[in-house]
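One letter stands for each residue in the lines below.
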Amino acid sequence: MRDKLTPRNIILCLCICSLPWLMYSIDGIEKLLSAYRIDFGWPGGDYVIRILVRACLYMLLAVGLNIVCGFTGLLDLGYVAFYLIGGYTAGILMQRLGVPYWFALPIAMVHGTIWGLLRGIPTLRLTGDYFAIVTFGFAELFFRIIRNEQWLTGIPNGQLRGIPSPSIFGITFDQNWHNYYHILILLFLVVFLNYRLQNSRVGRAWVAIREDEQAAESMGINVGRYKSLAFAVSAAIGAIGGAFIAQFQVNISAPFFEFWESILILCMVVLGGMGSIRGAMLGAAILGSLGEILREVLTRFTDFPELAGSRYLIFGIILILLMRFRPGGLIYKKT
Amino acid sequence: MWAQILEQLINGLVLGGIYALIAVGYTMVYGIIQLINFAHGEIYMFGAYIALMLITVGTPFWIALPLSMLLCAILGMFIDFIAYKPLRNAPRLSALITAIGISLALQNLARMIWSARPRQFPSEVLPSFFLSEITETGKVINAVPLPGGGILPFRDVFIFLLAVVLMIVLNMLIYLTKIGKAMRACAQNQVASNLMGIKTNQVIAATFAIGSALGAVAGIMVGLSEVVTPTMGYYKGVAAFAAAVLGGIGSISGAIVGGIVIGIAEVFGADIHSGYRIAFAYIIMILVILIRPSGIFGKATSKRA
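Chain order of the listed sequences is A and B. Residues 289 to 623 in my numbering are what the first sequence spells out, letter by letter. Residues 84 to 388 in my numbering are what the second sequence spells out, letter by letter.
Treat the hints with care, as some may be off.
Result set (SDA-like, lysine to any residue): computed pairs, CA atoms no more than 25 Å apart in a straight line [what the hints assert, rightly or not]:
| # | chain 1 | residue 1 | chain 2 | residue 2 |
| --- | --- | --- | --- | --- |
| 1 | B | Lys168 | A | Pro410 |
| 2 | B | Lys168 | A | Phe419 |
| 3 | B | Lys168 | A | Tyr600 |
Calculated from the structure, these hints are not laboratory results.
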């Protein structure tokens, strides 16, 4: 899929781009068939597109987390903090100050980057378990601040309601398929950037740090600078995801950004294979839509729809089994 | 003013005793296999639920407590056997991710079995001295009156004394028995102790069993004074881990001191701002990791060559 305009890739791109159109046409077919009393249980095009948007959003976040976890090999348990910062920065700017989305998005990005760098200052010299724990602590602190500081969000529990949809030349992007193309463009840009980074001097330096930090340092790589860069880029991508979800969900509240969301994104990266961009995207596509698919399937074919609520149980088991039998993930990348 | 501080200090000590019990489980496992056993918080939660279930079906409290300890010890060893043992030689990151996976799975398993509704120990089947109150005539029942009008329930006295007794027993176990000696040897050098004929896997299993049993006691204690929920392991677990880090991970006396410090900090922190109650533990933990990663009692370790 890299850099090549082969027929297969062009067809794939066309398919992805025409998905909303396809979904809505299935809606139409169902309407036609329902006249003949045939119901094949289509959950509705809008609903499916919503799931697709969520899956794409998780792809974006997984690709962002992959920079720190996969490339530099540091276990970041607090990625959700940047997602939160992006979401609330964009949300507050748009809802309370009336800033247009197109300005709020870059501001959120910059804000996320700043915090990524700030968090990097104390954590630069930490490795392994300690890094994981400190990042976790930071994310948890941000979560508490959003929940408790009412002057920031206005309503207790960090609830922010009625975030306006972005608009351009008087057209408001509030439909689900608008959001689909919106996230697709963001995802494309981020993935493109990631591939360029991966294949550059920077990407190679990151991988070198992952493989052996001291050897990398003795080879003349400025470990601190490259790690900071990784934190910054990763945080910026997380903030983009946050800004997107703020306008997509319209109402956001603190439970959106709980610790388990971090773990979920980590699961995606691990499932796909740490350090592989395609792996992260694949993992995100699977796990990001698994919850909704499970709910659909379970309510339709079994008597236990409440099992879908426990999808985290399945995520946990996936993590255990993966580490046991395929620690490299689904797409294993030899280095 | 002073009476209030005294009361909070006592509350902090009681909470600290509970944290110390959980923190010991983290620190012992970390001392031997260098793994942050994220699932430990969930074992503690299961301890509370198992005891709750036993008591609800009519088991006396004094039987439910050891039975829950035993079942949790088995659960701990089982987790070690199925999840951690195959990863002994894998990168540490893999084991850490496995631990997170187990924690996630157990927490949601508990949610499926017992639902997310908070539960309380039924007061009618608990020993009578746990139920303390002040009657209308001002008589204090089952509690020690404190200066300034507060009371110290016998329940809290019991919790603290039990924690102290268990810590003494644990220290005796580690410093006076053969298995304790083996544990200390494994913590120093696993390969060498293996060469000396110590069955390291059994020692590690024993460590998990002891830590889990103590965690179960802590879970029951929290269940007695607060409520039992599937997420209780997550919050208390992380604070207890903070305690272990503060004391110096791998050191048992460090875990005890750290637990009490975190307990007192949390109680006084809650006075300042109740929304940040648990955050004080995190802040202390982050500061300790940044300033003195080896903790109060820990030995400084050199960087991996």
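| Hints broken by the structure, by number, lowest first? | Hint 1 is the one this structure does not satisfy, whereas the remaining hints hold.
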